[in-house]
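Peer 1: Residue numbers (this note's numbering), protein chains in the order written: chain S, 1 to 547; chain R, 1 to 306.
Among these hints, one or two may not hold up.
[To be verified] Pairs of lysine-lysine residues, derived as BS3-like cross-links and limited to a Cα-Cα distance of at most 25 Å, are as follows:
| hint | chain 1 | residue 1 | chain 2 | residue 2 |
| --- | --- | --- | --- | --- |
| 1 | R | Lys-171 | S | Lys-541 |
| 2 | S | Lys-398 | S | Lys-497 |
| 3 | S | Lys-206 | S | Lys-497 |
| 4 | R | Lys-171 | S | Lys-540 |
| 5 | S | Lys-497 | S | Lys-216 |
| 6 | S | Lys-206 | S | Lys-175 |
It should be emphasised that the hints constitute simulated quantities derived from the structure, not laboratory data.
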Amino acid sequence: MRYYASVAAAAALTASAFIPASVRAQDAKPQYGGELVLTGQLDKTMFPGRNTDAGGMDVYLNACENLVTMAADRTMKPALAKSWSLSDDQKTITFQLNEGIQFHDGTPFNAEAVAFVFNEALAKKFLYVSLLEGLEKVVADSEHQVSFKLSKPSAALIPNLAYRTMCIFSPTAYKAVGEEGLGSKIIGTGPFVVDSYVKGEHVRFKRNENYWQKGKPYLDSIRILFVPDVTTRLAMLESGDVDRAAGVPDFDIPRLSSEENLKVSTIPSLQQNYVVINNLKKPFDDPRVRQALNYAVDKAGIVKSVFAGTGATLSQAPTLTPGVFGFADMREPGKNTIFAYDVEKAKDLLKQAGYEDRNGDKVLENAQGEPLSLKLWTRKTGKGEYQIAQLIQAFLEKIGMKVELTVLESATFSASLSLGPQDAKYDLALLAWTVPTADPDEPMMYMTHTKAWKPAGANRMFFSHPETDRLAELAHAEPDQKKRAEYVRLWMAELLKQAPVIYLPTVNLTEAYRTYVHGAQYMPAGTYDATMAWIDKAAKKEQGISR
Amino acid sequence: MLKLILNRLAFMVVAGLLLLTFLFFLFHAIPGDPARLIAGDSAPETLVESIRQAYGLDQPLVTQYTTYMRRVLQGDFGLSNFSRQPVLQIVGPRLLNTAKLAGWSMLLAMSVSLLLGSLSAMYWDRPLDRGITAFSLAGICTPIFVTGILGIYFFGVHLRWLPIGGMSTWKHYIMPVMTLGLAQAAGFTRMVRACMIDALGRDFITTARSKGVPERTIVFKHGLRNALLPIITFFGLGLGHTLGGAAVAESIFNWPGLGRLMVDSILTRDLPLTQGCIFFFAMVFILVNLMVDLLYRWADPRLAND
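Could you build the full structure based on these sequences and the hints that come with them?
Peer 2: Structure (structure tokens):
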């Protein structure tokens with residue numbers, strides 16, 4: 001009943017920003033049968049341990065389930081585990097598992113299986129191991145009880161276990177066919193079973209007749225077609241070849257919204273664009289200069305011109321987006337975003353840091369007469385990244401900086417931004433970060449902490465500040481939710497003073513689907529869960545779609 | 001003839017191995033770390049390192065090269081870095097799909113261009129010729145992604161006559177084959193027209209006309225046969241263009257072909273897969289060239305005696 005619970009919670013909180021936008025109205029009774037056809041993207045394997053992309057999750061979540069799940073209101077709900085408890089020293093989390101569940105291959109789901117999956121993840125370094133930080137081992141206490149042993153308390157572990165990539169696959173199948181085998185046919189306990197898979201073409205799931213939640217799922221099958229070209233994707237949706245398409249370009253939204261058989265919905269994602277500032281390079285080691293960079297960029301202008309006004313939301317807090325634990329509105333009173341556009345303030349801060357136009361050439365110089373010039377790197381992939389970079393160049397030049405914009409091919413870009421402090425060559429680089437598990441632990445411990453400097457973590461700014469490190473560590477270990485949220489808030493306040501990056505708007509996600517599709521959820525992490533979806537057959541027929 | 005074929009096949013093997021060597025070192029010369037791309041931008045270095053080890057990317061370049069070449073000689077092109085499936089298993093069906101698309105498109109392009117080109121030459125400088133010339137110039141100037149997307153919106157979305165993506169029924173073939181085939185036909189038509197005008201101006205045609213041979217026989221039998229040599233060369237080269245254009249058409253029409261696979265594999269630095277794709281593309285090219293040479297001998301028996 002967990003999906004009902006999450007859907008009900010969502011319906012009750014319609015005004016909240018946490019709501020998956022495509023939780024459909026629950027006024028009609030679900031109908032059984034039919035095939036849902038979706039567009040998707042699976043670039044890598046279907047094996048969860050080696051693919052943490054949203055596109056990959058959209059595929060394997062149909063067949064593979066987690067111990068716990070995160071409801072729309074961010075509370076943790078039982079899934080394969082029916083309950084859990086924390087030991088007094090907070091270093092052991094014990095889960096009671098649901099009984100009578102089988103994997104698709106007929107083997108039983110039990111504590112052994114859970115222990116195997118996570119111990120294997122640690123041993124073989126599955127791509128999500130960084131999210132299991134502090135986990136030492138997992139032990140099966142009995143057939144249906146399993147314990148997670150931690151080296152130090154971690155408040156983030158349970159929310160992280162809801163991350164779809166940490167689903168429980170069949171150990172028997174894994175031992176028989178390995179990662180490669182499960183990579184083309186994932187075997188879990190989920191409501192759907194992989195029926196056929198052709199790389200680059202499609203994957204088809206059929207109903208799991210032995211599914212442990214009686215009466216579910218509603219659909220007979222789900223077919224996901226891999227369509228990389230967005231124009232083709234939309235054309236297929238409009239013609240009725242598919243029932244749902246994601247990644248609708250902002251400039252197509254008005255047109256699609258006017259079609260009566262389609263519904264378009266936009267949700268803020270957990271992804272925020274930002275500009276990495278190399279904190280080790282002068283003068284960016286000075287927080288005043290970093291703040292000036294932030295004030296110099298017109299965020300609202302970016303939303304308007306790059307995202308058609310609707311494709312992104314102005315950020316209300318550094319790094320964290322609504323829906324992430326501990327999120328709080330950190331804007332100054334009366335401002336529409338953090339570091340609201342203020343050219344005078346930016347110039348003033350730079351003057352305090354010793355930069356002003358000393359010879360009337362409209363370029364800022366320091367006391368030695370050296371001009372303030374910098375290199376900004378970007379790539380041409382990602383939603384509007386190149387256009388954003390061009391605007392940032394213009395904004396920074398407006399306050400008197402010399403900005404050289406370099407566009408790199410995406411693989412080169414990725415490699416150049418994965419280097420350690422000695423080798424990193426950039427001053428500024430435009431990137432995007434995501435808080436995939438909707439928990440602040442990753443941004444705190446892994447993106448801004450001193451220990452997370454590249455190449456060990458994802459701190460490409462080489463930002464280091466004892467106070468943010470301290471608050472991050474406190475929040476990491478704090479089991480009391482209220483106290484933890486306070487640490488997160490203090491951490492954000494400190495970031496606003498330090499400005500390790502240029503904070504940019506949060507990207508929105510837009511999907512469009514046929515109005516006869518009900519009960520699917522589009523989650524802020526970008527995943528699409530259609531396992532409990534159903535099709536209104538009469539409405540489908542009315543729209544002239546006969547497939 | 002047999003000697004020619006054997007020579008060419010030997011050449012194919014040597015060219016293929018040289019190509020793989022070149023690609024291998026080229027790939028390692030350009031920036032971009034495959035292990036990093038597999039792990040994801042924010043993955044810790046320890047994880048990236050473990051992937052490097054698992055995929056043998058931490059070995060010295062020469063070791064990686066010799067291991068790879070030894071396997072290739074045994075017919076094993078390795079595993080794709082991303083999907084961990086054998087390259088041959090991925091490339092094989094994709095190559096067949098591209099061959100289907102390119103084959104039908106070429107057939108369409110050749111038939112249309114031979115007919116229109118000959119008609120154009122027959123009615124040289126008259127309204128029909130001008131009409132055909134306008135058609136072919138428009139075709140040459142319009143890129144495939146424009147005609148393709150217009151086709152999708154008109155026939156797929158508005159009229160709903162044709163499906164848009166995939167290749168499961170014959171109806172799925174119509175739009176991609178028409179788009180690619182007609183684009184090719186436009187260029188071919190100009191060439192056929194020029195060759196035919198040249199052939200039809202020769203003395204033996206005048207002789208045939210004066211003897212009262214019907215115009216149709218003159219154009220399609222005597223004229224076309226003599227214009228055929230340059231046309232065959234052009235068609236052979238054209239197939240190369242078609243394979244290139246197929247990559248674009250494959251993206252637009254979501255056709256699971258080799259072109260699209262190759263582009264994706266380059267962007268993700270999936271070296272084994274990229275090598276596999278380019279290698280088989282190159283082999284197809286060489287085979288097509290061999291076929292063109294053989295056709296030459298059929299069209300002009302004098303060459304066979306040289």
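Peer 1: Now, for every hint given, state plainly whether the structure supports it.
Peer 2: Here is what the structure says about each hint:
1. Straight-line distance between C-alpha atoms of Lys-171(R) and Lys-541(S) comes to about 22 Å, which keeps the hinted pair within the 25 Å bound.
2. A hinted pair counts as satisfied when its Cα atoms are at most 25 Å apart, and Lys-398(S) with Lys-497(S) qualifies at roughly 23 Å.
3. Of the supplied pair hints, the one linking Lys-206(S) and Lys-497(S) is violated, its CA atoms being roughly 53 Å apart against a limit of 25 Å.
4. Distance hint between Lys-171(R) and Lys-540(S) is fulfilled; the C-alpha atoms sit about 23 Å from each other, no more than 25 Å.
5. Only pairs whose Cα atoms come within 25 Å are accepted, and Lys-497(S) paired with Lys-216(S) is rejected, the gap being roughly 51 Å.
6. For the given pair, Lys-206(S) sits about 24 Å from Lys-175(S) by alpha-carbon distance, which is consistent with the 25 Å threshold.
Of the numbered hints listed earlier, those contradicted by the structure are 3 and 5.
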